[in-house]
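Chains as they are written, first to last, in the working numbering: chain A, 1 to 317; chain B, 1 to 560.
Heads up, a few of these hints could be off.
[To be verified] Below, in silico cross-link-like pairs of lysine-lysine (BS3-like), each with a Cα-Cα straight-line distance of 27 Å or less:
#1 A:163 to B:303
#2 B:441 to A:42
#3 B:560 to B:537
#4 B:300 to B:537
#5 B:499 to B:476
#6 B:531 to A:42
#7 A:163 to B:441
#8 B:350 to B:304
#9 B:407 to B:441
#10 A:163 to B:537
#11 B:441 to B:350
#12 B:391 to B:407
#13 B:300 to A:163
#14 B:531 to B:350
#15 B:441 to B:476
#16 B:531 to B:303
#17 B:441 to B:531
#18 B:304 to B:560
Rather than coming from a laboratory, the hints here were simulated on the basis of the structure.
None of the values given here were measured: they were computed from a predicted structure.
As a plain string of letters, each chain reads:
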Amino acid sequence: MAGFLIRRLLNALLVLAGVVTLTFCLMRFTEGDPATIIALDKNGSVLISGEVIERLAEKNGLHDPIHIQYLNWWRRVLHGDLGNSLRSDAPVWDEITERFPYTLQLAVLSILITSLIAVPLGICAAVHRGRLVDRITQWIASVTVSVPDYYLAIVLIYALAVKWTLLPAYGCGTAAHFILPLLVLVTAKIGYTTRIVSATTVDLLSSQYVAYAELRGIPKCRIFYVHILKNAMIPILTHISLQFLMALEGSVIVESIFAWPGIGKCMTDSVLGRDFTMIQGLVLFMAVLIVGMNLVVDLFYMFINQRVQYDGGGAKP
Amino acid sequence: MPVSIDEEQKNIMKKIFVFILTVLLLIVIVTVFRTNDSAEAERDVLTIATGRDATNITNYSPKGMWEPAALIYETLVNLDAACNPVPCLAETWEVSDDGRSYLFHLRKGVVFQDGTPFDADAVKENVVKLKHDNWSTIGELLAHVNVMGPHTVEFVLTRPHPTLFTELAASTCGIISPSVIVPESESKKPAMEMMKENAGKNDGNKMAMTETSSTPADPGHIVSRPVGTGPYAWNEDRHLRNRCFSVIRNDSYWQGTPRFSRIDWEVIPDASARAIALESGKVDLTGETPNGTLNLENIKLLKKNETFSITTADNWGARLVIVNHTRPPFDDPEVRSALKYAIDVSAIQKLLGDTATICPGPLGPTSPLTDPSLSLYEYDVEKARSILDAKDIVDTNGDGIREYGGKELSISIVSGKVPTVSVLMREFFREIGIDLTIDQKESGSTFQVLAQMQFDIAIHNNIPSFYLNLSQQFSKNGGRWSLNIDDPDLERAIEKYEKSTDMETYRKYAWEIQRRVHELEIILFAVNERKVAAYRKELGNFVFPPEEWVGADQNLWNMK
Numbered sequence: 001m002a003g004f005l006i007r008r009l010l011n012a013l014l015v016l017a018g019v020v021t022l023t024f025c026l027m028r029f030t031e032g033d034p035a036t037i038i039a040l041d042k043n044g045s046v047l048i049s050g051e052v053i054e055r056l057a058e059k060n061g062l063h064d065p066i067h068i069q070y071l072n073w074w075r076r077v078l079h080g081d082l083g084n085s086l087r088s089d090a091p092v093w094d095e096i097t098e099r100f101p102y103t104l105q106l107a108v109l110s111i112l113i114t115s116l117i118a119v120p121l122g123i124c125a126a127v128h129r130g131r132l133v134d135r136i137t138q139w140i141a142s143v144t145v146s147v148p149d150y151y152l153a154i155v156l157i158y159a160l161a162v163k164w165t166l167l168p169a170y171g172c173g174t175a176a177h178f179i180l181p182l183l184v185l186v187t188a189k190i191g192y193t194t195r196i197v198s199a200t201t202v203d204l205l206s207s208q209y210v211a212y213a214e215l216r217g218i219p220k221c222r223i224f225y226v227h228i229l230k231n232a233m234i235p236i237l238t239h240i241s242l243q244f245l246m247a248l249e250g251s252v253i254v255e256s257i258f259a260w261p262g263i264g265k266c267m268t269d270s271v272l273g274r275d276f277t278m279i280q281g282l283v284l285f286m287a288v289l290i291v292g293m294n295l296v297v298d299l300f301y302m303f304i305n306q307r308v309q310y311d312g313g314g315a316k317p
Numbered sequence: 001m002p003v004s005i006d007e008e009q010k011n012i013m014k015k016i017f018v019f020i021l022t023v024l025l026l027i028v029i030v031t032v033f034r035t036n037d038s039a040e041a042e043r044d045v046l047t048i049a050t051g052r053d054a055t056n057i058t059n060y061s062p063k064g065m066w067e068p069a070a071l072i073y074e075t076l077v078n079l080d081a082a083c084n085p086v087p088c089l090a091e092t093w094e095v096s097d098d099g100r101s102y103l104f105h106l107r108k109g110v111v112f113q114d115g116t117p118f119d120a121d122a123v124k125e126n127v128v129k130l131k132h133d134n135w136s137t138i139g140e141l142l143a144h145v146n147v148m149g150p151h152t153v154e155f156v157l158t159r160p161h162p163t164l165f166t167e168l169a170a171s172t173c174g175i176i177s178p179s180v181i182v183p184e185s186e187s188k189k190p191a192m193e194m195m196k197e198n199a200g201k202n203d204g205n206k207m208a209m210t211e212t213s214s215t216p217a218d219p220g221h222i223v224s225r226p227v228g229t230g231p232y233a234w235n236e237d238r239h240l241r242n243r244c245f246s247v248i249r250n251d252s253y254w255q256g257t258p259r260f261s262r263i264d265w266e267v268i269p270d271a272s273a274r275a276i277a278l279e280s281g282k283v284d285l286t287g288e289t290p291n292g293t294l295n296l297e298n299i300k301l302l303k304k305n306e307t308f309s310i311t312t313a314d315n316w317g318a319r320l321v322i323v324n325h326t327r328p329p330f331d332d333p334e335v336r337s338a339l340k341y342a343i344d345v346s347a348i349q350k351l352l353g354d355t356a357t358i359c360p361g362p363l364g365p366t367s368p369l370t371d372p373s374l375s376l377y378e379y380d381v382e383k384a385r386s387i388l389d390a391k392d393i394v395d396t397n398g399d400g401i402r403e404y405g406g407k408e409l410s411i412s413i414v415s416g417k418v419p420t421v422s423v424l425m426r427e428f429f430r431e432i433g434i435d436l437t438i439d440q441k442e443s444g445s446t447f448q449v450l451a452q453m454q455f456d457i458a459i460h461n462n463i464p465s466f467y468l469n470l471s472q473q474f475s476k477n478g479g480r481w482s483l484n485i486d487d488p489d490l491e492r493a494i495e496k497y498e499k500s501t502d503m504e505t506y507r508k509y510a511w512e513i514q515r516r517v518h519e520l521e522i523i524l525f526a527v528n529e530r531k532v533a534a535y536r537k538e539l540g541n542f543v544f545p546p547e548e549w550v551g552a553d554q555n556l557w558n559m560k
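Chain A extracted, bound-state conformation (with noise of 0.2 Å):
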């Protein structure tokens, strides 16, 4: 196990160095002069120099070869200290604490509603298998797997803000600006999820050892619970926590539709803005999220799954 665990750190360090090393080199050979988007993007439809641009270039850095930029960044990262934004002038490391709390709520919440719902939904339509229930959810699924985040967020907003002025239409801060927000994302997630979990128990009921349990006489309840139930969670628990993942990344659309001051909509922004150290700084955040978070879900494995065992490179069921 400590082995396993020294295994994993030491292959996180080295997926964080490439993830961070290949972000700097493909945003630093992106077409366009960063410090004339910066400067137009900082002061707008305002007069703008030759020099102010000139000036905030040299005050940041950009003349330097790159060489010297991505080694005086990861100097500074090695520091404690992920720079300021290109764009804002506001510490990286105050934004992202600043946005992520906002990003984690709706993706914890979105998660876990989708789950309640999918899972038993997916089990459901999978146990009854070419039933009204199971018809009935491959139509919810293929419905809410079509309609587009964009499309119903405004729809939604339009019909239960505006019409009937039953929610805010945008912001954060109550209860109730959560709910549109979550609609639209747990819509979103819901028809994939419902799918996986009904494919995966669907595959399980027609295996092997579930009509051998069958055949020796293992009440159904058992059969479900013990042998079905425990083995169709690691593919749907795989698939939830990548779920979460891409939701911790934040959606641009529901940010910023909603005004949800999230990391999605800032991610999007600085991309465009060519803000480099925001960008950085982002990208370092998540990774090393991303790569915390597959330790834990490999950790769960192990724990839903006593038959996972830690060896060599990895998992091995």
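The hints should help you fit chain B onto chain A, whose structure is shown.
Same frame as chain A, but now just chain B:
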């Protein structure tokens, strides 16, 4: 086992009870949510939807403050609807005959929102300390700032600059309380601590005559807190980063009592969501600044709704649709003119509706330098075809596309995020046998492509400084934004334009530049994106200032 009637009734009652309880619970939840929202409806407070947080928490310079800067800070002069300078913090002024000296007589009795008196020293401190920040465009022109008396200040320029008043009216040149202009190294201290330390440093109106050069401009100064002389003061308590920000009424404002007790901005990044927020009654106004623009569909819907008013206004600048005159066959002005005849500008105008005005030259219809004699070309496909035929650019293989230099004439247009105009142009050019492909790029990449002239046709981004500085774009020595036009007549006009000492001469040569560029057929047409504000009708009448850099929200304080 049979169930007794009593038990059955009990079960039914139980179900009904659970149902009623659930319904009641839902009603309570919904009512609580609704109450929370309606509590926000204060009509003395104006709420505006914008697309981004207006502030930069480490520096409250008006340059980075967007919307609230126009209400917190005031400038020496303002502009009237005809773009003439009118008094603001400067009551009167005198300009020397050589156009290099501007003597401003400042308004007496004005105080900053922190109690610091507004005087000539305050103006000088602003210009000297923030020369490289919000005064950077004027800073390079200034040779000296001389304090001639407690309320008299002189700006001495290195060369005449006829548009100085227009630039002084920009919200970036808002005058900041000297007590909050601090060295960057002190910016880590809490704002209140810095204010205490700086209080009193600027007391006393002493006669002084100092050159800006003798007080070295410190590029390391920042504005630690937004404090100006304007009708509203920054409301730190209601600033939630990336969510909302606010200003409160300045009760001691020198022009009278501002109409709203408070103005709040809600940050809503999506344009449709901003329009819906307006419809839902959560906000009163949106669309008035470049941060919060609405899209065409939203504007159409809001126009149909009688509850709202829409105010539109032209900008000074325009997005130029330009052809790369350095690439053959478009190095020939006649071939370029064929492209102009092939474009049906009325169709483009119809497509863009009220959100834009199509112009023949680089400036919008309301700019003080626009040459009124320029006109758009008539749509004439036959003429376009005949020009290309005469230049021996013909379709030899019958595939509908003309050949040039042994190859099919296939060109591309560098377009922004929404290539609606480009799609229409592709159809126009196909009519004359030119294949146009759309090269869609995000704005960051477009700048580089334009600066390096790596395009056939491009929609040139609107750089506001071009509005009044035509030499940057049209002189071959114009720097990074130059279109590399090699034309002696144009260079001569630009030289005279730059040496003009008065506005009349400046305008005369600005017109000459525009005419020459028009003759060179480099600008196919220009899109002047209009400002559109949507607001609740009962608010009154929203009036745009003559140009957006003046600060679109400037007139909100006394909105009639």
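> Has the given pair, residue 441 of chain B with residue 531 of chain B, been kept, meaning a C-alpha gap of at most 27 Å?
Replying inline: Judged against 27 Å, a Cα distance of about 24 Å means the pair holds.
> Would the pair residue 300 of chain B and residue 537 of chain B pass a check requiring their Cα atoms to be no farther apart than 27 Å?
Replying inline: holds (16 Å)
> Has the given pair, residue 391 of chain B with residue 407 of chain B, been kept, meaning a C-alpha gap of at most 27 Å?
Replying inline: holds (15 Å)
> Between residue 441 of chain B and residue 350 of chain B, does the CA-CA distance stay at or below 27 Å?
Replying inline: Satisfied, since the Cα-Cα distance of roughly 24 Å is no more than 27 Å.
> residue 441 of chain B and residue 476 of chain B: Cα distance at most 27 Å?
Replying inline: Between residue 441 of chain B and residue 476 of chain B the Cα gap is close to 26 Å, so the pair holds against 27 Å.
> Is residue 350 of chain B within 27 Å of residue 304 of chain B, Cα to Cα?
Replying inline: Distance of about 18 Å is within 27 Å: holds.
>> Can you confirm whether the C-alpha distance between residue 407 of chain B and residue 441 of chain B stays at or below 27 Å?
In response: This hinted pair holds, its Cα atoms lying about 26 Å apart.
> Can the restraint linking residue 163 of chain A and residue 303 of chain B be considered satisfied, given a maximum Cα separation of 27 Å?
Replying inline: Given that 27 Å is the threshold and the Cα spacing comes to 18 Å, the pair holds.
>> Check whether the Cα positions of residue 163 of chain A and residue 441 of chain B lie no farther apart than 27 Å.
In response: Measuring from Cα to Cα gives roughly 38 Å; hence the hint is violated.
> Does the structure keep residue 531 of chain B and residue 350 of chain B at a Cα separation of 27 Å or less?
Replying inline: holds (17 Å)
>> Given the hinted pair residue 300 of chain B and residue 163 of chain A, is their Cα-Cα distance within 27 Å?
In response: holds (19 Å)
> Regarding the pair residue 304 of chain B and residue 560 of chain B, is the alpha-carbon distance no greater than 27 Å?
Replying inline: With a Cα-Cα distance of about 23 Å, the restraint between residue 304 of chain B and residue 560 of chain B holds, given a limit of 27 Å.
When held up to the earlier numbered hints, the structure conflicts with hint 7 and nothing else.
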